[in-house]
Amino acid sequence: MRRVLNWIRRIRDDLAASTDASLLAVPRFLGLLYGPIDHRLPINEALRKALRYRLPAHVTWRHALGGIVYLLFILLVVTGVLLAVYYRPSTQEAYPSVQRIVTDVSFGWLVRDVHVWAASLIVVAALAHMARVFADGVYKPPRETNWLVGVLLLFLLLAFGATGYVLPWDQWAYWTIAELLDAVAVLPVIGPPLARVLTGDVIVSGATLSRHFALHVIVLPWLAFWLLALHFALLRKHGVTPPITPSDRDKPGLPFFPHHLLRSFIVAVLAVAITVSAAAVFPRPVGHAANPYAVPDSLVSTWVPVEVSLGLVRYLTPWGLAAFTALGVALALLPLFDRDPARPLRQRPVAAALGLAFLLGFAGAWVAGRTVRTPSTRMRPASDVLEQRTPRRTEPGAPLPEVGPTPERPAAPAPEAARPPRGVP
Amino acid sequence: MRWCTPVGMAMVTCGLSSASAAWRPATAGQDPGVQVDTSYGCIVCHADKRRAFVVGVHAERGIRCHDCHGGTPTAYETRAAHTRGFIGDPGKVRTVAICSSCHADPNRMRQYGVSTGQLAELRTSRHGQLLLQRGDTAAPTCTDCHDAHTILPPVDARSSVNPVNIPGTCGRCHEDQRLMARYGLPTNQLAEFRRSAHGVALFENRDFAAPTCVGCHGSHGALPPRVTEIANVCGHCHALVGRAFAAGPHAASARAGRLPGCLACHSNHGTERVPPEQLAALCARCHEQNSPAAALAQQVQQEIVRVTEELRVAEVALEELVRSGEPVVDTRFRYQTALTYFRQVAQVQHNLDLEQLSDLTRRAGSIARDIRAVAEARRERRWEHRLFLIPVWFFTLAAVTIAGFKLADLRRRGE
Chain A
1 MRRVLNWIRR
11 IRDDLAASTD
21 ASLLAVPRFL
31 GLLYGPIDHR
41 LPINEALRKA
51 LRYRLPAHVT
61 WRHALGGIVY
71 LLFILLVVTG
81 VLLAVYYRPS
91 TQEAYPSVQR
101 IVTDVSFGWL
111 VRDVHVWAAS
121 LIVVAALAHM
131 ARVFADGVYK
141 PPRETNWLVG
151 VLLLFLLLAF
161 GATGYVLPWD
171 QWAYWTIAEL
181 LDAVAVLPVI
191 GPPLARVLTG
201 DVIVSGATLS
211 RHFALHVIVL
221 PWLAFWLLAL
231 HFALLRKHGV
241 TPPITPSDRD
251 KPGLPFFPHH
261 LLRSFIVAVL
271 AVAITVSAAA
281 VFPRPVGHAA
291 NPYAVPDSLV
301 STWVPVEVSL
311 GLVRYLTPWG
321 LAAFTALGVA
331 LALLPLFDRD
341 PARPLRQRPV
351 AAALGLAFLL
361 GFAGAWVAGR
371 TVRTPSTRMR
381 PASDVLEQRT
391 PRRTEPGAPL
401 PEVGPTPERP
411 AAPAPEAARP
421 PRGVP
Chain B
1001 MRWCTPVGMA
1011 MVTCGLSSAS
1021 AAWRPATAGQ
1031 DPGVQVDTSY
1041 GCIVCHADKR
1051 RAFVVGVHAE
1061 RGIRCHDCHG
1071 GTPTAYETRA
1081 AHTRGFIGDP
1091 GKVRTVAICS
1101 SCHADPNRMR
1111 QYGVSTGQLA
1121 ELRTSRHGQL
1131 LLQRGDTAAP
1141 TCTDCHDAHT
1151 ILPPVDARSS
1161 VNPVNIPGTC
1171 GRCHEDQRLM
1181 ARYGLPTNQL
1191 AEFRRSAHGV
1201 ALFENRDFAA
1211 PTCVGCHGSH
1221 GALPPRVTEI
1231 ANVCGHCHAL
1241 VGRAFAAGPH
1251 AASARAGRLP
1261 GCLACHSNHG
1271 TERVPPEQLA
1281 ALCARCHEQN
1291 SPAAALAQQV
1301 QQEIVRVTEE
1311 LRVAEVALEE
1321 LVRSGEPVVD
1331 TRFRYQTALT
1341 YFRQVAQVQH
1351 NLDLEQLSDL
1361 TRRAGSIARD
1371 IRAVAEARRE
1381 RRWEHRLFLI
1391 PVWFFTLAAV
1401 TIAGFKLADL
1411 RRRGE
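Residue numbers (our numbering), protein chains in the order written: chain A, 1 to 425; chain B, 1001 to 1415.
It cannot be assumed that every hint is accurate.
Said to hold, decoys possible - Residues of chain B placed beyond 10 Å of chain A at every Cβ, according to the derived structure: (1) F1086; (2) L1185; (3) N1232; (4) N1290; (5) R1323; (6) G1325; (7) V1392; (8) W1393; (9) A1403.
Claimed, not checked - Between beta-carbon pairs, the in silico distance windows are: (10) B:Y1112 <-> A:P193: 56 to 62 Å; (11) B:L1387 <-> A:Y86: 42 to 48 Å; (12) A:A326 <-> B:P1275: 55 to 61 Å; (13) B:Q1111 <-> A:A185: 16 to 22 Å; (14) B:L1387 <-> A:S210: 35 to 41 Å; (15) A:D340 <-> B:E1319: 57 to 63 Å; (16) A:T60 <-> B:L1387: 56 to 62 Å.
Claimed, not checked - Among chain B residues calculated to face chain A with C-beta under 10 Å, some are: (17) V1322; (18) S1324; (19) P1327; (20) R1378; (21) R1381; (22) H1385; (23) R1386; (24) L1389; (25) T1396; (26) L1397; (27) A1399; (28) V1400; (29) G1404; (30) K1406; (31) L1407; (32) L1410.
The hints are simulated quantities; they were obtained by calculation from the structure and are not laboratory data.
Cβ coordinates follow ideal geometry from the N, Cα and C atoms, glycine included.
Sequences are here, hints too, so could you generate the full structure?
Below, the structure is given as structure tokens:
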């Protein structure tokens, strides 16, 4: 027992004594930092400089939110690549391939559910990160460009989720996407062509699946790569925003290594563990295979923005979705109008009200979207619509309503007059 | 005496042109060369009858007013027109004779593929007996069900004898309490039929294979089946059930008229399906509580209730398998097989062969239990996924603790 305690104490002492030099010892030991490479490229020096970079004293746990978003993005890329190994983007094979991933492939269930959960958590984390940035007034000059890049990254996240949503090709995915594309088509000017391009057919079909898959795994990742690079480059260029209160500016900061890196490590490990736990405990159920001829009795939404959109479309019509999107765009463009250097939230009542309205609207629509459990009646197939147009009895067995111009037909005899006893007392 | 004035003549001409166009409704609209029959005078006064008549099949076949009503259709004046064997309102009995003059004639009906047995059937029916033998004019004649002038084929949704409209057509008289009281008949048949399995199939599912009134009672030969005939009437459609019933212990009683066949357990117009858990109680209405028959009823009920519950659980298990992402093509096929056995149970329970019934419930139950076992195994496998969280959280907490110690140490040393 004493030996074990000594062993643990020794590990603790080693960690306590560790410095950036000891961290660098690992790649040095592996021969990565010496030799011709390090001779030509001053990697050692660059790494040392990066690790010694001092962050301002006000940088705390709140500043880890952006890191979480990036971490979840990496997690999504890794799990997405693994899924792409087994997934087949065709109407015939998509659903069976997802079934195979979650049942046959080793740890396929974990990869798939981590991908699903990370996709939801990243939206929440990104909005929390943006809320922090917004509340601190970080989008003010000179960092307004980086705010706009961040907003573009958020839209990119939403596009990632929307294009990935239909890929399982089950009934829930199919009819949710069909309803949302239907809502998009209602919006003026941009709506119809956008819906047409995204659908690629008169209904959601194999063409839609191919388009969404191509966007999800080829187009959007490249856009995300360049926008992330720009986001980080601008962050390094302008540095971390100084604290709002001037008295904090004189405090000595902390080095990136080991202080902030340790904090980031703790947050990252916890974020991954929470994502994996959610994936293991609450796996995303699989619906029945997509069937364009049968509207399902129930819908199960599995992605936060889809629930928000469904809530808006169902309770406030497509115009609710358009209005909410306009509010989001107004927030995104706020730096172009809000040039006042004052950063405390109390001195920015309009911006604070807009931000609060967006967050409350998002939360409200999310809650409303969770209550949507059935497909819209607009999604009923054409045969049902025809059925509704044919005359229907008001109650079983009641006479069929008249069809055609009624004056041409003899008036239906009244029940009393029609009875046979003509001339019978 | 009414004379046609020049204005009247002009109206007649207009009416004739539209009327002659309507004699050939299939082509008149498109054919500008159609001849206007200006010599047909009935429609001068009876324009309403013309409108009713031209939409029917008789108009399409070239039948005209005088073919049934006689008279002189070339005359425009009432007295002249109503001559030469004119029949105004033929009355109920004569209506049968008029219709039968064509519809009982095979030489005329052969070309249309219409049977000629209606008159013979009518004579055997209760309606025909009342009307033709007793002269009871409260009984219906041909035109009470088919309409006098708008004669539409049964496939036409507007026809009074279209399957969906037949219950309403019969109900026009059979729901009339005052009229039915004269014959001591109930008037709740249509209401019961609407709620029955047959009524739901017909009205809500638009299943035209479902029987209407005429399916069991006959149309022209309408008569309630005799007690000894009921099993045969129902067995006409429910063939397998009927065969099972004929092989069972109740069949002899039914044949002897001591048991009203199927109606002993199911009502006639309501056709109630007996819930499995009420089977024994139903048998107890006739059989004494401690009799062997009551014991057999208990066993049958237990078997059916058990297999019903097992199939319900299997259905839930199947849905659970789908949601877990398991391919279920084979499992669903097996479930359908179990349902097939269950449907055979519904037939076999009518011959009360407990051995055969147990064999079928055992097969259905075995498949249902297999499906449940597959779902449970899958559920366990999914639950085992959570064990993966033990190492995950062990390493997470270890890493967080170590990093936390290091951070605290750095803070303590003031670095």
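Looking back at the numbered hints, which does the structure fail to meet, lowest number first? Hints 5, 6, 7, 8, 9, 11, 13 and 16 contradicted; others consistent.
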